[in-house]
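The lines below spell out each chain.
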Amino acid sequence: MKILVAVKQVAALDEDFEIRDDGRDIDPDFLIRDLNEWDDFSLEEAVKIKEASAEPVEVIAVTVGTDEADESLRKCLAKGADRAIRVWDAAIEGSDSIAVARVLAAVAKREAPQLLFAGVQSSDQSFASTGIATAALLGWPHAAVVCNLNYAPGAKTAVFRRELEGGLLHEVEIQCPAVLTIQLGINTPRYASLRSIKQAAAKPIEQLSLADVGLTEAEVGETGSASRVRRMYVPDKARAQLIEGDVAQQAARLAEIIREFKGDAA
Amino acid sequence: MSGILVIAEQRRGELRPVSLELVSAAQDLRRPGEQVAVAVLSAAPESLVTALGVAGVDEIVTVKVAASEFDPDTFESAVGALIAKRSPDVVLVAHSVDSFGYAAALAARLGLGFATDVFNVERVDGELVATRGGYGQKVNVEVDFPGRNVVLLAIRGGAFKAPEQAASPSVTAFDAAPLQSRATGREFIEPAAGDDVDMTGAEFILTIGRGIGEEAKVPQFRELADALGATLGCSRPIADAGWLPKSRQVGQSGKTASACKLYIAMGVSGAIQHLAGMKHVGTIVAVNTDAEASIFGVAKYGIVGDIFEIADELRRLF
Numbered sequence: 001m002k003i004l005v006a007v008k009q010v011a012a013l014d015e016d017f018e019i020r021d022d023g024r025d026i027d028p029d030f031l032i033r034d035l036n037e038w039d040d041f042s043l044e045e046a047v048k049i050k051e052a053s054a055e056p057v058e059v060i061a062v063t064v065g066t067d068e069a070d071e072s073l074r075k076c077l078a079k080g081a082d083r084a085i086r087v088w089d090a091a092i093e094g095s096d097s098i099a100v101a102r103v104l105a106a107v108a109k110r111e112a113p114q115l116l117f118a119g120v121q122s123s124d125q126s127f128a129s130t131g132i133a134t135a136a137l138l139g140w141p142h143a144a145v146v147c148n149l150n151y152a153p154g155a156k157t158a159v160f161r162r163e164l165e166g167g168l169l170h171e172v173e174i175q176c177p178a179v180l181t182i183q184l185g186i187n188t189p190r191y192a193s194l195r196s197i198k199q200a201a202a203k204p205i206e207q208l209s210l211a212d213v214g215l216t217e218a219e220v221g222e223t224g225s226a227s228r229v230r231r232m233y234v235p236d237k238a239r240a241q242l243i244e245g246d247v248a249q250q251a252a253r254l255a256e257i258i259r260e261f262k263g264d265a266a
Numbered sequence: 001m002s003g004i005l006v007i008a009e010q011r012r013g014e015l016r017p018v019s020l021e022l023v024s025a026a027q028d029l030r031r032p033g034e035q036v037a038v039a040v041l042s043a044a045p046e047s048l049v050t051a052l053g054v055a056g057v058d059e060i061v062t063v064k065v066a067a068s069e070f071d072p073d074t075f076e077s078a079v080g081a082l083i084a085k086r087s088p089d090v091v092l093v094a095h096s097v098d099s100f101g102y103a104a105a106l107a108a109r110l111g112l113g114f115a116t117d118v119f120n121v122e123r124v125d126g127e128l129v130a131t132r133g134g135y136g137q138k139v140n141v142e143v144d145f146p147g148r149n150v151v152l153l154a155i156r157g158g159a160f161k162a163p164e165q166a167a168s169p170s171v172t173a174f175d176a177a178p179l180q181s182r183a184t185g186r187e188f189i190e191p192a193a194g195d196d197v198d199m200t201g202a203e204f205i206l207t208i209g210r211g212i213g214e215e216a217k218v219p220q221f222r223e224l225a226d227a228l229g230a231t232l233g234c235s236r237p238i239a240d241a242g243w244l245p246k247s248r249q250v251g252q253s254g255k256t257a258s259a260c261k262l263y264i265a266m267g268v269s270g271a272i273q274h275l276a277g278m279k280h281v282g283t284i285v286a287v288n289t290d291a292e293a294s295i296f297g298v299a300k301y302g303i304v305g306d307i308f309e310i311a312d313e314l315r316r317l318f
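Read top to bottom, the protein sequences are chains B and V.
Taken in order, the first sequence gives residues 1 to 266; the numbers are from this note's numbering.
Taken in order, the second sequence gives residues 1 to 318; the numbers are from this note's numbering.
To be clear, the hints were calculated from the coordinates, so they are not data collected in a lab.
Fair warning: this is a prediction, and the values are worked out from it, not measured in the lab.
There could be a bad hint or two in this list.
Stated by the list, open to error - When the alpha-carbon atoms are kept at most 20 Å apart in a straight line, the in silico PhoX-like pairs for lysine-lysine are as follows:
1. V:246 - V:217
2. B:237 - V:279
3. V:161 - V:279
4. V:138 - B:237
5. B:50 - B:156
6. B:262 - V:261
7. V:85 - V:64
8. B:109 - B:156
9. V:279 - V:138
10. B:237 - V:300
11. V:161 - V:138
12. V:279 - V:261
13. B:48 - B:156
14. V:261 - V:300
15. V:300 - B:262
Said to hold, decoys possible - Here's a subset of chain V near chain B, in silico, CB distances under 10 Å, partners left out:
16. 54
17. 131
18. 240
Built from N, CA and C at the ideal position, the CB exists for glycine as well.
Using the sequences provided together with the hints, build the complete structure.
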């Protein structure tokens, strides 16, 4: 039995970043990359199921990205993924969540897992839609924001809890194969040991092209996307009034704010 | 393609407030003469009609479904049928946990134009343009939808103000086709009570975030909160790590600190979900080493500095 874990290498902005000449994205020189925080939890959830299972379970991490994303896949291998797959083609550049979902769905068709996990969202673009769009393209049942999961490998259904606004939980039973998007806090992701990091560095990463997964160029990139970026810009944000001075002066002003409030409250 | 279709959201028989905010977003998009219809999917949709009678709604569509609570298959099927029947040019849903569960599926399956977490909508030369955040909300991103006849937008909660004026729109019933859903809702579970702290009623909250670095630092902030007369709260990562009980988490998926008037956030960078849960607070003071932290965008006062130094100094003054 397989569990496919879709992961993303996210990009955070460097302190002094610049917008690309065409005004539609950030100059990549100013991006700091890392594995998406949510994906750490979904990978851990898959590895936990594997470790608790009597029958063999294979955990496969998959990503859509350039070779820079190998670093994140190695992290997944070091933390317990058995295999890693990376799909890339120049035509994928400019894909939104729907176009990326098309690629992930194509990989899921090849691998035929019982469960597909994705993070609730990515910390960079926060679409919160890639996993669920993938499910639709596969025609699979799906659920979002799963914060607790009970699944025995081979079972026809899984029982999970959705985390709703205000902390309310909703318990649901779902037919498998299914796609679940995993919320932060569902488990405590492990740290990779030095030994497993070394082993992961030696493991192969399967590289697939668009043709390998049976997609055409028109199905990805801007033409395959449900939206197009017109413009990216730094907003004129309302900014906090900064309390200046040394630490003692700053703390004194904060104390004053607290005392003013307490005066009002009293 | 004409008309704006708003999908209202209900939970356990109550309309979620964001539903009415969607009506305001619709006003920013409607072309002259264009109708705004609000559909409500529920086992008893009639009971929500009164709450949906606000200015800007031309028609309320009641959709009776078998599932008493949100279910992805049910919503995809019924909203898909509504789109097919009514051919709206824009469909608005909330960017909420329920919508996370079906909006992208609908967009992918029907080939809709699609954007999520949208906080501004406008028509530029007749074309729909939506604005959302990018790179951890550090930049704004304008997107459009070339070649798409129907665009589905998931609108951020709190981005639009709900209409206040009441109205009496016409009411139409829509028959959703019966459906065998592949998921079954079992029950709702209230969040754990934790250590019995009342975040909802707290007026003065001191919250700690990831910036505290390690669990061993929690007690000194607990002690500081006590000295200040504040209730100690935390951001999501602190509760997830188990350093403080979940009942002390504030923000969208934690407790709503609805009575809070003074909020001091130490080492909280300000994930959008956290900020959304706190924007009603009158005075937010943020202390963070990162001058670019998002929390400074909502705070009234900011201190760029070391939270431990500020905490120590502050402790001396109380």
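Cross-check of the supplied hints:
1. At roughly 18 Å between alpha-carbon atoms, residue 246 (chain V) and residue 217 (chain V) fall within 20 Å of each other, so this suggested pair holds.
2. The suggested pairing of residue 237 (chain B) with residue 279 (chain V) holds, with an alpha-carbon distance near 15 Å, which does not exceed 20 Å.
3. Taking the CA atoms of residue 161 (chain V) and residue 279 (chain V), the gap is about 13 Å. The hint holds against a cut of 20 Å.
4. Between residue 138 (chain V) and residue 237 (chain B) the CA atoms are separated by roughly 10 Å; this keeps the pair inside 20 Å, and the hint holds.
5. Note on residue 50 (chain B) and residue 156 (chain B): the hinted pairing holds, with a Cα-Cα distance of about 17 Å set against a maximum of 20 Å.
6. Note on residue 262 (chain B) and residue 261 (chain V): the hinted pairing holds, with a Cα-Cα distance of about 11 Å set against a maximum of 20 Å.
7. The straight-line distance between the Cα atoms of residue 85 (chain V) and residue 64 (chain V) is roughly 16 Å, inside the 20 Å bound, and the hint therefore holds.
8. Of the pairs offered as hints, the one joining residue 109 (chain B) and residue 156 (chain B) holds, with about 18 Å between alpha carbons and a cut-off of 20 Å not exceeded.
9. Restraint check for residue 279 (chain V) and residue 138 (chain V): satisfied, since their Cα atoms lie roughly 18 Å apart, inside the 20 Å limit.
10. Distance check on the hinted pair: residue 237 (chain B) and residue 300 (chain V) sit about 12 Å apart at the alpha-carbon level, within 20 Å; holds.
11. A distance of roughly 23 Å separates the Cα atoms of residue 161 (chain V) and residue 138 (chain V); the hinted pair therefore is violated under the 20 Å criterion.
12. Proximity of residue 279 (chain V) to residue 261 (chain V) is assessed by CA-CA distance (about 11 Å); at most 20 Å being required, the pair is judged to hold.
13. For the hint linking residue 48 (chain B) to residue 156 (chain B), the alpha-carbon distance of about 19 Å falls within 20 Å, and the restraint holds.
14. Our distance criterion of 20 Å between C-alpha atoms is met by residue 261 (chain V) and residue 300 (chain V), whose separation comes to about 12 Å.
15. Proposed proximity of residue 300 (chain V) and residue 262 (chain B) is supported: the alpha carbons are some 17 Å apart, at most 20 Å.
16. The criterion of a C-beta within 10 Å of any C-beta in chain B is not met by residue 54 (chain V), whose closest approach is roughly 21 Å, and the hint is violated.
17. With a cut of 10 Å, the hint placing residue 131 (chain V) at the interface with chain B holds, because the nearest CB-to-CB distance is about 9 Å.
18. Checking residue 240 (chain V) against chain B by beta carbon gives a least distance of about 3 Å; that is within 10 Å, so the hint holds.
Of the hints listed earlier, those the structure fails to meet are numbers 11, 16, in rising order.
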